[in-house]
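Participant: Chains X and E, in that order, give the protein sequences.
Mapping the first sequence onto the working numbering, position 153 (from 1) lands on 153, and the numbers just tick up by one.
Adding 1000 to a residue's 1-based position in the second sequence gives its number in the working numbering.
Take every hint as true, because none was put in to throw you off.
Simulated coverage check for chain X against chain E, where a stretch passes if three residues somewhere in it have a Cβ under 8 Å from a Cβ of chain E:
1. 46-52
2. 81-95
3. 103-112
4. 119-125
5. 134-144
6. 189-202
7. 259-270
Each pair of labels, with its calculated beta carbon distance range:
8. X/R89 - E/P1047: 44 to 52 Å
9. E/R1126 - X/A155: 17 to 25 Å
10. X/G159 - E/A1123: 18 to 26 Å
11. X/M135 - E/R1240: 44 to 52 Å
12. E/P1250 - X/T166: 46 to 54 Å
13. E/V1233 - X/R264: 39 to 47 Å
14. E/R1185 - X/S161: 25 to 33 Å
15. X/R89 - E/P1228: 47 to 55 Å
Worth flagging that the hints you see were computed from the coordinates, not collected in a lab.
Cβ coordinates follow ideal geometry from the N, Cα and C atoms, glycine included.
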Amino acid sequence: MNSVRAYRDIRDSVGRRDRSMHDKTMSLAEAAALVPDGASLGIGGSIMSRTPMAMIWQLIKSGRRNLNVSRSMMSTDGDWVVGSGIADRIETSWCAQGISWGLSKVARDRFETGAVVYEEWSHLAMGQRYHAGAMGVPFMPMRTVIGSDLERLAAGKVGRSTCPFTGEEVLLVPALNPEVAIIHVQRCDRFGNAQIDGLPFMDIDLACAADRVILTTEEIVSTEQIRRAPERTRIPFFCVEAVVDVPFGSAPHECFGLYEPMMRHLDRYVARANSDPRSGFEALMTELVHEPADWTQFLERIGVAELVEAMGRGRSIYRD
Amino acid sequence: MTDRPEATAAEVLAVYSARALQNGQVVFAGVGTPLLAASLAQRLDCPELTILFEGGIIGAWVEDGRLPPSTNDQRCTRLSRMVLGSSEVMLMMQRGYVDIGFLGGAQIDAYGNLNSSFIGETASPRVRLPGSGGANDIGSLTDYIVSMRHERRRFVPKVDFITTPGFLAGGTSRGDNGLPYGGCRLVVTDLGLFDFAPETRRMRARALHAGVTRDEVADNTGFDVHWPDEVPVTSPVTLRELEILRRLDPERIFIA
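Starting from the given sequences, assemble the full structure and let the hints guide the process.
Facilitator: What follows is the structure in structure tokens.
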């Protein structure tokens, strides 16, 4: 099945955007309404870093269905989108609870019963797919995936081609242009000029590839502040449709320079999710997603002590 | 054996992987044993070892007691030399800047192919494993070292799924399938060191750890390992190596 969108399609979606510099701030719930059921959704960050957890939390709370989710590598976010049933398909290179905990029994249950499809790509292939999407070209030539069973698994979605200049054989991976991207950043202004500290992962390509981008941010700063350090701006405002102010928006994952992962909460979460991946996971979703009225109430369930500790470790990155 | 310090299997893997590295090399490492091995090497004979992480880091230096939970975490960036996007650092490998990659997996076969995707049938797997991550890319693009526990269920005649290409079906099949560079150079296990015969590209014994017998290897391997006439004994793990590892991982997250 060909998954590449026609150039006219992705080009016109940008053409229809209001690319003027206007105020894009809104609530999590308003932003979730920009994600239709069945949409292809790209998630920023990687594994436990700068994951837009608050936005994913809201999408579950808002009852989204049939999403087709892509991300470089997935951990707790994978559990949440796969386990809650908001996604029926994921495209990624890696999905587990996290390196120190190993496999997710929740994700395994959904994949092995066929409830959710896990379409596996290599890490570089995911990156090059977003990159092609960001560049407005239909594919990227590359020298991995080739010869492995990943190539066989992706039959019909990847191609082999002979270089017209050298005659060498290369593998072509299809562009990925998600309808919506959700990305968490350290700061942006109300127009969506976004600054990312630390590792950018695949987020800049993801932002440029998507039809619409929802940013969640640790803080909204003035445009003057953005202008004082424009070299830190990694996503330009005209890529962005929504800006949501969500401090600790990556919790219980980390946000570079601000907080590290909340490992005790995650230890408890993984123990419970893995011990009972169906009704136990459902109880976790009730406690963590449905009962809290807002994101701050979710953070209360992680606990002040752990948030403060995570902040101390997060800030230590800048300390001698 | 009384002068030999007690090392866990994970420590044995890290030590012999570290010894396979040379000063000045550029290595691509994942979290766990690879990161421990590369960090140990930096503290022993390879102070100018450059570590790359798939999160987008060039020139990592991991501090004692501050092991990152993954190679995508901020701890990997502290004291490193450069921070890049994920694709950009992987493309350094495609361009050819990396000497050695490090890999593990659930299964390895006689040709060094690795599986981290499916146990059982692909369409209806008994276990759906996490997947490639960067493993396919590392294995496709560079020479690599595998470190794995030596168990029969892991050392199988044919992997259930080739996530990461080794020498595929042996002989020249890797190059014939569009992979002109790289391949599995060394397999480090808790029983010994293994490499691949130049013609057939089948796994052969290179050295055994002290006290390990051929029968023990055969019992724990699901295929016939090639035995050269001489199979030396590795020199034992030193106290210094263990001390460095235990300072790196005082909570014994990865070396337990």
